[in-house]
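Asker: Take a look at the letters that make up each chain.
Protein chains: 2
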Amino acid sequence: MKKGYVQVYTGNGKGKTTAAIGLSIRAVGAGLKVFIGQFVKGMHYSELDSLKRYEGLITIKQFGRDCFIFHDPTPEDIQCARDGLSEAREIVFSGKYDLVVLDEINIALFYKLFSVEDVLEIIKNKPDHVEMVLTGRYAPQEIIDAADLVTEMKEIKHYYQQGVPARSGIEK
Amino acid sequence: MKKGYVQVYTGNGKGKTTAAIGLSIRAVGAGLKVFIGQFVKGMHYSELDSLKRYEGLITIKQFGRDCFIFHDPTPEDIQCARDGLSEAREIVFSGKYDLVVLDEINIALFYKLFSVEDVLEIIKNKPDHVEMVLTGRYAPQEIIDAADLVTEMKEIKHYYQQGVPARSGIEK
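If you're matching them up, the sequences are chains X and C in order.
Every letter in the first sequence is one number past the one before it in our numbering, and letter 129, counting from 1, is 129.
Every letter in the second sequence is one number past the one before it in our numbering, and letter 5, counting from 1, is 5.
Take the hints with a grain of salt, since some may be wrong.
To be verified - For lysine-lysine, the following DSSO-like pairs were computed, each having C-alpha atoms within a straight-line distance of at most 30 Å:
hint	chain 1	residue 1	chain 2	residue 2
1	C	Lys112	X	Lys172
2	C	Lys112	X	Lys33
3	C	Lys172	X	Lys61
4	X	Lys172	C	Lys3
5	X	Lys112	C	Lys61
6	C	Lys157	X	Lys112
7	X	Lys61	C	Lys124
8	C	Lys33	X	Lys33
9	X	Lys33	X	Lys61
10	X	Lys52	C	Lys52
11	X	Lys33	C	Lys154
12	C	Lys3	C	Lys52
13	X	Lys126	C	Lys124
14	C	Lys52	X	Lys3
15	C	Lys52	X	Lys124
16	C	Lys154	X	Lys112
17	X	Lys157	C	Lys112
18	C	Lys157	X	Lys96
19	C	Lys3	X	Lys33
20	C	Lys172	X	Lys3
21	C	Lys126	X	Lys96
22	X	Lys124	C	Lys3
23	X	Lys61	C	Lys126
24	X	Lys126	C	Lys3
25	X	Lys52	C	Lys124
26	X	Lys172	C	Lys52
27	C	Lys112	X	Lys61
28	C	Lys172	X	Lys154
29	X	Lys124	C	Lys61
30	X	Lys52	C	Lys96
31	C	Lys96	C	Lys61
32	C	Lys52	X	Lys33
33	C	Lys172	X	Lys124
34	C	Lys126	X	Lys3
35	C	Lys3	X	Lys157
36	X	Lys172	C	Lys154
37	X	Lys126	C	Lys112
38	C	Lys154	X	Lys126
39	C	Lys3	X	Lys3
To be clear, the hints were calculated from the coordinates, so they are not data collected in a lab.
Please build the complete structure, drawing on both the sequences and the hints.
Answerer: As structure tokens, this is what we get:
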């Protein structure tokens, strides 16, 4: 059986979540089964609509409530994230998915919604064939150390600085 | 009409092409029309199969021959790339596509398959609503200067270093 690795996409630049989605699309093209769990996201993203075409091949689930990341997390946010992690753990350990994307999990760690040890435990004990992709800025050093591949998306220039708001189909 | 910007994904890390594909998927979810032209690529990638589900919404075309990027480009490679650029130019100027991805165009520039002025001319004269995404390592400074958003995908750690070959569904 093919060995699965742990990939991390972090940094302050645009392209982390989209890279994970693109990887999911590529994986499906090769006959792999994909699960995408999105932490700290409960808002609507356009990819939720388009990924419906892959029903049964890509399963996507949001573990977050509304966007709280500009505020302090509430006990409800914390509970949501912990329930999500526990579901993600089951998904990984079931071995039914070849690729498991945990989108924005680094942000969940940054806000201490659960502990880095909880995530490391999943990485260390995952079935050998499962590939994991962890995204989100502020990846902690322990996650970087545990990963096989780490890309930092570094913002060189961003049109947010020109006052461009997040646009449907491009940022959300 | 919504204004389109120019995005560049460059750097030596994994995630440039997948970010462009993920962005295409997001765009389609918002009802946008997408064209993806792939330079210096003629090999089979798994995404070619999975993107078939978006026929009529995402058009993907390869402008390259076999993988030559480890060798010197032949006159045929150069002709291929130039024909591709001329087709891409028409696609952009037609205004029929909201998002035009020119995948690995920076690599084509690096190998001098066509000139940076040719690409800048497209960027400068594109219809206002068209969003362009340019990927590939070694983005020249002139392209970075002309872009609205630039992300550098920086390799922090890569399993190629552990001798892992490119895997179907993950790298190709």
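Asker: Each hint: holds or not?
Answerer: Okay, the hints, checked on the actual structure:
no.: 1; hint: C:Lys112 / X:Lys172; result: violated, 35 Å
no.: 2; hint: C:Lys112 / X:Lys33; result: violated, 39 Å
no.: 3; hint: C:Lys172 / X:Lys61; result: holds, 26 Å
no.: 4; hint: X:Lys172 / C:Lys3; result: holds, 16 Å
no.: 5; hint: X:Lys112 / C:Lys61; result: violated, 44 Å
no.: 6; hint: C:Lys157 / X:Lys112; result: holds, 25 Å
no.: 7; hint: X:Lys61 / C:Lys124; result: violated, 40 Å
no.: 8; hint: C:Lys33 / X:Lys33; result: holds, 27 Å
no.: 9; hint: X:Lys33 / X:Lys61; result: holds, 14 Å
no.: 10; hint: X:Lys52 / C:Lys52; result: holds, 14 Å
no.: 11; hint: X:Lys33 / C:Lys154; result: holds, 28 Å
no.: 12; hint: C:Lys3 / C:Lys52; result: holds, 28 Å
no.: 13; hint: X:Lys126 / C:Lys124; result: violated, 49 Å
no.: 14; hint: C:Lys52 / X:Lys3; result: holds, 27 Å
no.: 15; hint: C:Lys52 / X:Lys124; result: violated, 36 Å
no.: 16; hint: C:Lys154 / X:Lys112; result: holds, 26 Å
no.: 17; hint: X:Lys157 / C:Lys112; result: holds, 25 Å
no.: 18; hint: C:Lys157 / X:Lys96; result: holds, 27 Å
no.: 19; hint: C:Lys3 / X:Lys33; result: violated, 36 Å
no.: 20; hint: C:Lys172 / X:Lys3; result: holds, 16 Å
no.: 21; hint: C:Lys126 / X:Lys96; result: violated, 46 Å
no.: 22; hint: X:Lys124 / C:Lys3; result: violated, 46 Å
no.: 23; hint: X:Lys61 / C:Lys126; result: violated, 37 Å
no.: 24; hint: X:Lys126 / C:Lys3; result: violated, 45 Å
no.: 25; hint: X:Lys52 / C:Lys124; result: violated, 36 Å
no.: 26; hint: X:Lys172 / C:Lys52; result: holds, 23 Å
no.: 27; hint: C:Lys112 / X:Lys61; result: violated, 44 Å
no.: 28; hint: C:Lys172 / X:Lys154; result: holds, 24 Å
no.: 29; hint: X:Lys124 / C:Lys61; result: violated, 40 Å
no.: 30; hint: X:Lys52 / C:Lys96; result: holds, 25 Å
no.: 31; hint: C:Lys96 / C:Lys61; result: holds, 16 Å
no.: 32; hint: C:Lys52 / X:Lys33; result: holds, 17 Å
no.: 33; hint: C:Lys172 / X:Lys124; result: holds, 26 Å
no.: 34; hint: C:Lys126 / X:Lys3; result: violated, 45 Å
no.: 35; hint: C:Lys3 / X:Lys157; result: holds, 18 Å
no.: 36; hint: X:Lys172 / C:Lys154; result: holds, 24 Å
no.: 37; hint: X:Lys126 / C:Lys112; result: violated, 45 Å
no.: 38; hint: C:Lys154 / X:Lys126; result: holds, 27 Å
no.: 39; hint: C:Lys3 / X:Lys3; result: violated, 44 Å
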